[in-house]
Amino acid sequence: MHNARRRKSSNLSGYAVAWCLLAALPVAMASEVKTEVDLPQPLMDRYEVLIAELRCPKCLNINIADSNAPIATDLRMVVAKQLKDGNTNQEIKAYLRERYGDFIDYDPPITPGTLALWALPIVMLLCAAVIFTYVGFRRQKLELTAEERTRLARLKARQES
Amino acid sequence: MKSKSAFTPLRAALWLPLVALVGLCIVFFQSLGFSPRNVLPSAMLDKPLPEFSLPELSSGIQATHLDMPKEAFLLNVWATWCFPCREEHPVLMSIAESGINIVGLNYKDEDAKAVTWLNTIGDPYQLNLVDRTGDYGVELGVYGVPATYIVDQNGVIRYKHIGPITDEDWEQKLSDIFLSLAKKQARA
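Chains S and B are the protein sequences, given in the same order.
Going by the numbering used here, the first residue of the first sequence is number 1, and it counts up by one from there.
Going by the numbering used here, the first residue of the second sequence is number 1, and it counts up by one from there.
Be a bit skeptical, because a hint or two may be false.
[What the hints assert, rightly or not] As a list, the in silico DSSO-like pairs of lysine-lysine whose alpha-carbon atoms are at most 30 angstroms apart:
#1 B:Lys113 / S:Lys84
#2 B:Lys173 / B:Lys183
#3 B:Lys113 / S:Lys58
#4 S:Lys58 / B:Lys173
#5 B:Lys108 / B:Lys183
#6 B:Lys160 / B:Lys108
#7 B:Lys160 / B:Lys184
#8 B:Lys160 / B:Lys173
#9 B:Lys70 / B:Lys47
#10 S:Lys81 / B:Lys184
#11 B:Lys173 / B:Lys108
#12 B:Lys47 / B:Lys184
#13 B:Lys70 / B:Lys108
#14 B:Lys183 / B:Lys113
#15 B:Lys160 / B:Lys183
#16 B:Lys183 / B:Lys70
#17 S:Lys81 / B:Lys108
#18 B:Lys160 / B:Lys113
#19 B:Lys173 / B:Lys70
#20 S:Lys141 / S:Lys156
#21 B:Lys183 / B:Lys47
#22 S:Lys58 / B:Lys184
#23 S:Lys58 / B:Lys47
#24 B:Lys184 / B:Lys173
#25 B:Lys70 / B:Lys184
#26 S:Lys81 / B:Lys70
#27 B:Lys160 / S:Lys58
#28 S:Lys81 / S:Lys58
#29 B:Lys184 / S:Lys84
#30 B:Lys160 / B:Lys47
[Unchecked claim] Between beta-carbon pairs, the in silico distance windows are:
#31 S:Ala129 / B:Leu24: 14 to 24 angstroms
#32 S:Phe137 / B:Ile177: 48 to 58 angstroms
#33 B:Gln185 / S:Leu125: 24 to 34 angstroms
#34 S:Leu115 / B:Glu171: 51 to 61 angstroms
#35 B:Pro50 / S:Asn61: 48 to 58 angstroms
#36 B:Lys47 / S:Gly113: 14 to 24 angstroms
#37 B:Glu110 / S:Leu115: 44 to 54 angstroms
#38 B:Gly23 / S:Asn61: 21 to 31 angstroms
#39 S:Pro42 / B:Arg187: 52 to 62 angstroms
Just so you know, these hints were derived from the structure itself, not from any lab.
The beta-carbon is built from N, C-alpha and C at its ideal position, and this holds for glycine as well.
Construct the complete structure from the given sequences, taking the supplied hints into account.
Next comes the structure, spelled out in structure tokens:
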């Protein structure tokens, strides 16, 4: 009985260790990604901002900072090189957008497509407002005028008699 | 006096949300089996092939965009480490046999391995550019291998195919695009 319980608890601690190692894995991977470039300080900060804002074209919905795909590594190198060359953040993003499309930028520019996306909820709210006021207006109109009311009373009286 | 069932614009408008909902359901249902992996739009379409100066695989001589074929051609990005490229290879061989120019871009590969590959399973390429670092790949907007660009006689990119070309891809889509370019050239 005692032995069995002890075995169980050692199993549990084994699991705990395994989970801790698993949890540490992304941290280890992330630090590996970060140490691959060496830039002087103001550039390094901009580098980290940029690679967090650029989307990996291969892996869909992960930025190039967190991706281990070879293309993400290449693009990080491109960003680092262009920073060293003195390009602005806008220039670097424009360069990559030209080649990989707006897809690559997690902060995409306003285009007719994105504008429609942003405007759609507002347009729908306006439509709803128009419909509601129209319904309210009609309901008000349904109230009988004084003339109609006397006519109704007359009709009722005639029916009852 | 209007009866309750009379048709009014308002009554018709009340059906709109239901119609919209059904429409959305159809769109979403159709999207279920649809993987966006291969439909990333290429930003490079209708732009000239980026300038380059890269060594040619067999000769080692530097080639530039000026050395490209003067008629429409395929630019195929490949590597020996790329598994789907092996699957694509026989398709490229048959395309080349039909007289279409294919330029290879050997991407992040080793020259010796690439030469061995071509010597053993066949060489569909008119010439092969070597992009050891992948820098030219970035210029082209390559993010996965294989990828194939259709370039017209003026050196302008007209189409980008991502992933291996299958026989169906070629017969049903790419050959039409390619032939329409060739026709345009004949007319010009």
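Hint by hint, here is what the structure shows:
| no. | hint | result |
| --- | --- | --- |
| 1 | B:Lys113 / S:Lys84 | violated (34 angstroms) |
| 2 | B:Lys173 / B:Lys183 | holds (16 angstroms) |
| 3 | B:Lys113 / S:Lys58 | holds (25 angstroms) |
| 4 | S:Lys58 / B:Lys173 | holds (23 angstroms) |
| 5 | B:Lys108 / B:Lys183 | violated (35 angstroms) |
| 6 | B:Lys160 / B:Lys108 | holds (20 angstroms) |
| 7 | B:Lys160 / B:Lys184 | holds (19 angstroms) |
| 8 | B:Lys160 / B:Lys173 | holds (12 angstroms) |
| 9 | B:Lys70 / B:Lys47 | holds (16 angstroms) |
| 10 | S:Lys81 / B:Lys184 | violated (41 angstroms) |
| 11 | B:Lys173 / B:Lys108 | holds (28 angstroms) |
| 12 | B:Lys47 / B:Lys184 | holds (17 angstroms) |
| 13 | B:Lys70 / B:Lys108 | holds (27 angstroms) |
| 14 | B:Lys183 / B:Lys113 | violated (37 angstroms) |
| 15 | B:Lys160 / B:Lys183 | holds (19 angstroms) |
| 16 | B:Lys183 / B:Lys70 | holds (14 angstroms) |
| 17 | S:Lys81 / B:Lys108 | holds (19 angstroms) |
| 18 | B:Lys160 / B:Lys113 | holds (26 angstroms) |
| 19 | B:Lys173 / B:Lys70 | holds (23 angstroms) |
| 20 | S:Lys141 / S:Lys156 | holds (22 angstroms) |
| 21 | B:Lys183 / B:Lys47 | holds (20 angstroms) |
| 22 | S:Lys58 / B:Lys184 | violated (34 angstroms) |
| 23 | S:Lys58 / B:Lys47 | holds (22 angstroms) |
| 24 | B:Lys184 / B:Lys173 | holds (17 angstroms) |
| 25 | B:Lys70 / B:Lys184 | holds (14 angstroms) |
| 26 | S:Lys81 / B:Lys70 | violated (34 angstroms) |
| 27 | B:Lys160 / S:Lys58 | holds (15 angstroms) |
| 28 | S:Lys81 / S:Lys58 | holds (21 angstroms) |
| 29 | B:Lys184 / S:Lys84 | violated (44 angstroms) |
| 30 | B:Lys160 / B:Lys47 | holds (12 angstroms) |
| 31 | S:Ala129 / B:Leu24: 14 to 24 angstroms | holds (22 angstroms) |
| 32 | S:Phe137 / B:Ile177: 48 to 58 angstroms | holds (56 angstroms) |
| 33 | B:Gln185 / S:Leu125: 24 to 34 angstroms | violated (53 angstroms) |
| 34 | S:Leu115 / B:Glu171: 51 to 61 angstroms | violated (39 angstroms) |
| 35 | B:Pro50 / S:Asn61: 48 to 58 angstroms | violated (27 angstroms) |
| 36 | B:Lys47 / S:Gly113: 14 to 24 angstroms | holds (20 angstroms) |
| 37 | B:Glu110 / S:Leu115: 44 to 54 angstroms | holds (48 angstroms) |
| 38 | B:Gly23 / S:Asn61: 21 to 31 angstroms | holds (26 angstroms) |
| 39 | S:Pro42 / B:Arg187: 52 to 62 angstroms | holds (56 angstroms) |
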